[in-house]
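Peer 1: If you want the building blocks of each chain, they are given just below.
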Amino acid sequence: MEQGPAGGSGPAAAAAAAAAAAGTGCLLLPLSETEQQRYSELFSRCCPPPEAAAGGSSVGELFRASQLPPDTLHQITEVCGAKRVGYFGPAQFYIALKLIAAAQSGFPVRIESIKNELPLPRFMALKNDTEVRYGTPAEFHGVKFQVPHATLEKNSYKRTDEGDKQEPKSPSMSPICSPPASPSTYQRIPLSYGYGKARSGLEQQHGAPYEVRHSTHQQDGPSSGNYGAKSALTCSTPNRSLSVEREQQDSSSQYSDDPWRITEEQRDYYINQFRSLQPDLNAFISGSVAKNFFTKSKLPIPELSHIWELSDVDCDGALTLPEFCAAFHLVVARKNGYQLPETLPETLLPEYLQAACLKPVRDCALFDSYSEPLPSSQQTRDFSRAEKSSTEEVPDNSTLLQDGKKDDKQAVKVSTTLKTIPKEFQHLTVKAAAQEPNALRARPRSRSYSSTSIEDAMKKGEEPPTPPPRPQKSHSRASSLDLNKIFQQNTQAVRSGWLPPPPPALPPRPSVSQTEQPSEVELHPQMNRPPSQAEENSSAKKEVVLAQPPSKPARRKLRTEAQGLETPELSPTINVTSSLPAVKPHLPVQKQSSKQKRAIQTAIRKNKEANAVLARLNSELQQQLKEVHKERIALETQLEQLRPVTVL
Amino acid sequence: SRQCGLLCSQNYPLYIRSVPTENELKFHYTVHTSLDVVDEKISAMGKALVDQRELYLGLLYPTEDYKVYGYVTNSKVKFVMVVDSSNTALRDNEIRSMFRKLHNSYTDIMCNPFYNPGDRIHSRAFDTMVNSMMMQVC
Numbered sequence: 001m002e003q004g005p006a007g008g009s010g011p012a013a014a015a016a017a018a019a020a021a022a023g024t025g026c027l028l029l030p031l032s033e034t035e036q037q038r039y040s041e042l043f044s045r046c047c048p049p050p051e052a053a054a055g056g057s058s059v060g061e062l063f064r065a066s067q068l069p070p071d072t073l074h075q076i077t078e079v080c081g082a083k084r085v086g087y088f089g090p091a092q093f094y095i096a097l098k099l100i101a102a103a104q105s106g107f108p109v110r111i112e113s114i115k116n117e118l119p120l121p122r123f124m125a126l127k128n129d130t131e132v133r134y135g136t137p138a139e140f141h142g143v144k145f146q147v148p149h150a151t152l153e154k155n156s157y158k159r160t161d162e163g164d165k166q167e168p169k170s171p172s173m174s175p176i177c178s179p180p181a182s183p184s185t186y187q188r189i190p191l192s193y194g195y196g197k198a199r200s201g202l203e204q205q206h207g208a209p210y211e212v213r214h215s216t217h218q219q220d221g222p223s224s225g226n227y228g229a230k231s232a233l234t235c236s237t238p239n240r241s242l243s244v245e246r247e248q249q250d251s252s253s254q255y256s257d258d259p260w261r262i263t264e265e266q267r268d269y270y271i272n273q274f275r276s277l278q279p280d281l282n283a284f285i286s287g288s289v290a291k292n293f294f295t296k297s298k299l300p301i302p303e304l305s306h307i308w309e310l311s312d313v314d315c316d317g318a319l320t321l322p323e324f325c326a327a328f329h330l331v332v333a334r335k336n337g338y339q340l341p342e343t344l345p346e347t348l349l350p351e352y353l354q355a356a357c358l359k360p361v362r363d364c365a366l367f368d369s370y371s372e373p374l375p376s377s378q379q380t381r382d383f384s385r386a387e388k389s390s391t392e393e394v395p396d397n398s399t400l401l402q403d404g405k406k407d408d409k410q411a412v413k414v415s416t417t418l419k420t421i422p423k424e425f426q427h428l429t430v431k432a433a434a435q436e437p438n439a440l441r442a443r444p445r446s447r448s449y450s451s452t453s454i455e456d457a458m459k460k461g462e463e464p465p466t467p468p469p470r471p472q473k474s475h476s477r478a479s480s481l482d483l484n485k486i487f488q489q490n491t492q493a494v495r496s497g498w499l500p501p502p503p504p505a506l507p508p509r510p511s512v513s514q515t516e517q518p519s520e521v522e523l524h525p526q527m528n529r530p531p532s533q534a535e536e537n538s539s540a541k542k543e544v545v546l547a548q549p550p551s552k553p554a555r556r557k558l559r560t561e562a563q564g565l566e567t568p569e570l571s572p573t574i575n576v577t578s579s580l581p582a583v584k585p586h587l588p589v590q591k592q593s594s595k596q597k598r599a600i601q602t603a604i605r606k607n608k609e610a611n612a613v614l615a616r617l618n619s620e621l622q623q624q625l626k627e628v629h630k631e632r633i634a635l636e637t638q639l640e641q642l643r644p645v646t647v648l
Numbered sequence: 001s002r003q004c005g006l007l008c009s010q011n012y013p014l015y016i017r018s019v020p021t022e023n024e025l026k027f028h029y030t031v032h033t034s035l036d037v038v039d040e041k042i043s044a045m046g047k048a049l050v051d052q053r054e055l056y057l058g059l060l061y062p063t064e065d066y067k068v069y070g071y072v073t074n075s076k077v078k079f080v081m082v083v084d085s086s087n088t089a090l091r092d093n094e095i096r097s098m099f100r101k102l103h104n105s106y107t108d109i110m111c112n113p114f115y116n117p118g119d120r121i122h123s124r125a126f127d128t129m130v131n132s133m134m135m136q137v138c
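Chains A and B, in that order, are what the protein sequence lines are.
Last residue of the first sequence: number 648 in full-length UniProt numbering, and the count goes up by one each step with no gaps.
Last residue of the second sequence: number 138 in full-length UniProt numbering, and the count goes up by one each step with no gaps.
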């Protein structure tokens, strides 16, 4: 009964109507012109043309973007018949859309309700800012979803109420970036929906106000698209990117075109991220930890380097909480297409942020005190709701998607990504914490560390005015036991706190735990090396916590050693080092460190060789690609010439 | 005119800036050849303490047109500065302070975890500092 790809609106709509009638047991679904058009657009977005049915994942994302509670979405999928037939054909899809519109208008999810005239369903669309802006005033409190519509783009700048935040932003945005092209927006929407998918209801709740704003920020669609695709693969990505994006938009809209101002939601998100990297909010995030973290954003290294330069105001190679917030904010801004400033904007200065950060982070009242009641109240509501239902969301998600396989795949992917080298974004979970030692050791940074420590020591020696090293860089030993709890809490909070992925979501941030591990191991290298090497996982983490050094310079130096120690772990020399711990209690420390040094050096050499080989391979492939391109162009021109004269 | 070049311990340049920019190649050559003198001075230092005074190598050698000053850091990164001989207003103290500024900026760059030692330096802050320093003198 399902027709082919829902390409044209007319035939698609007609087909959908017919199919709907057939699919739902003689239910004739009347669709108005606009409805048909929009539904077909949505369907084509979710369902690439050759297929007859929409992909379960994209549909799930779209549904989640509608910001309805998962129960409702569940109901909708049941009622529309997708569950029965097992997939989302055009009929089911259209019915589902209509049901979503009904649910958003407050009607019960039943076939009867969709027989009436309903407004179009609204989705937290990442695509067109204009559409996002459009929401009925009645729906002011966040549950606004606008199905992106090409024709509506022109009217984007008219709304002023709840889209008010975005409003000031859009005029400022427009000179900066041209309105997103439809194809790119289409591309982004599935991606944003993908983000929502991973996080189900949690993201939906949070994403609503933010995605709207986010759409205005969509300047680099393709790049964000890449991130989106990546995030769809990994669990954590959507949350992070979404919330980041959301915050980005939110901040700019809040403060009349100031993209460099951090909103409360953003700050909260940044603080959560900081906490995931470093539980003590008054301590630092070391350079390597931060580097790993920000590298996951997939920004080019020179840009990251510049961001670091801007944000590390005291140039100590570590980030305090305000510095971290500033850096994160800059990354988000860059991800959204903003050019990096030459100097740090005033609103991102640590002193400025410090004052702001002193406010209680989780103070719900604080949210409400802001002028944007919508997002803040929404967020607080979402937070509490999300936290309660975070565990429920996941099962709901899978059933909602009607594509259990996809969920399983995602789950598998999540676990595998957690185990793999941190090239992808990893969600900050307890699992990730266990994976940290592996991931961290995979990245040899001993070289830069040693130079950093040397330079740092030198610098400290020769600069009297330099402030003394900061105290307690990390939490004390006593808190090591709490670390697991904190991480679990963080995981929970993170899951709940992450909004639905905004369109160009940032890739998931590297798992924090990884960064934690090495630094902590440094503190008591001797103590921790044998056990950490032996266990390599959660136990190492605990030891890392215990080992957190009190002073920064000492920590850095220790880290160098620890890093060096941990680097070879992934290489075959791991066996060597792991056998070392067995006899470690008896061996003197120096022997161990020298062996480890050797192991490290061999590992470095191997890595360098591998690098060289890969670089060569890469260049060869590039060359091949160029040649193939040329051939293709030549063939195409030939074809053009041979083609008979086309219709005039 | 002035040129300051920053060289790393493996004797390849991490950063070279010349103001004004004509004859740049000549300055590159000058800086490179002065490495020998720097090495000579370093070896002569023996077990040099990590002391600022000893980090500053002073006038490496004067040529007909210009003077070359050297400075080496703890991590054996060499700074070389070439100034016009006609610029007699430059005193030793000023040169020292300029090297100190260079060193501080270099340390700041090192603190950036995204910077790998041995990379060329592309830091905008560093550029700004060097530019201002050179403008001051020229």
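Keep in mind that the hints are not guaranteed to be accurate.
Unchecked claim - Quick list of in silico lysine to aspartate or glutamate cross-link-like pairs, EDC-like style, CA-CA up to 20 Å:
hint : chain 1 : residue 1 : chain 2 : residue 2
1    : B       : K41       : B       : E24
2    : B       : K101      : B       : D65
3    : A       : K608      : B       : E94
4    : B       : K76       : B       : D39
5    : B       : K101      : A       : E640
6    : B       : K67       : B       : D84
Stated by the list, open to error - So the derived list for chain B, only partly shown, Cβ under 10 Å to chain A, looks like this:
hint : residue
7    : P13
8    : T30
9    : T107
10   : C111
11   : F126
12   : S132
Keep in mind that the hints were calculated from the coordinates and are not lab data.
Positions of the beta carbon are idealized from the N, C-alpha and C atoms, including for glycine.
Peer 1: None of the hints should be skipped; say for each whether it holds.
Peer 2: Quick rundown of the hints versus the structure:
Proximity of B/K41 to B/E24 is assessed by CA-CA distance (about 25 Å); at most 20 Å being required, the pair is judged violated. Between B/K101 and B/D65, the direct Cα distance comes to roughly 25 Å. Violation of the 20 Å bound is thereby established for this hinted pair. At most 20 Å may separate the alpha-carbon atoms for a hinted pair to count; A/K608 and B/E94 exceed this at roughly 42 Å. For the proposed pair B/K76 and B/D39, the alpha carbon gap of about 10 Å is at most 20 Å, so the pair holds.
Proximity of B/K101 to A/E640 is assessed by CA-CA distance (about 64 Å); at most 20 Å being required, the pair is judged violated. The hinted pair formed by B/K67 and B/D84 meets the criterion: a straight-line CA distance of about 6 Å does not exceed 20 Å. The interface hint given for B/P13 is broken, as the beta carbon of that residue sits about 17 Å from the closest beta carbon of chain A, more than 10 Å. Given hint, B/T30 at the interface with chain A, is violated; its Cβ is 27 Å from that chain's nearest Cβ, farther than 10 Å.
A least Cβ separation of about 4 Å between B/T107 and chain A falls short of the 10 Å threshold, and the interface hint therefore holds. At its closest, the beta carbon of B/C111 sits 3 Å from a beta carbon of chain A; the interface hint therefore holds under the 10 Å criterion. Here the hint on B/F126 is kept, as its CB sits about 9 Å from the closest CB of chain A, short of 10 Å. Checking B/S132 against chain A by beta carbon gives a least distance of about 14 Å; that is not within 10 Å, so the hint is violated.
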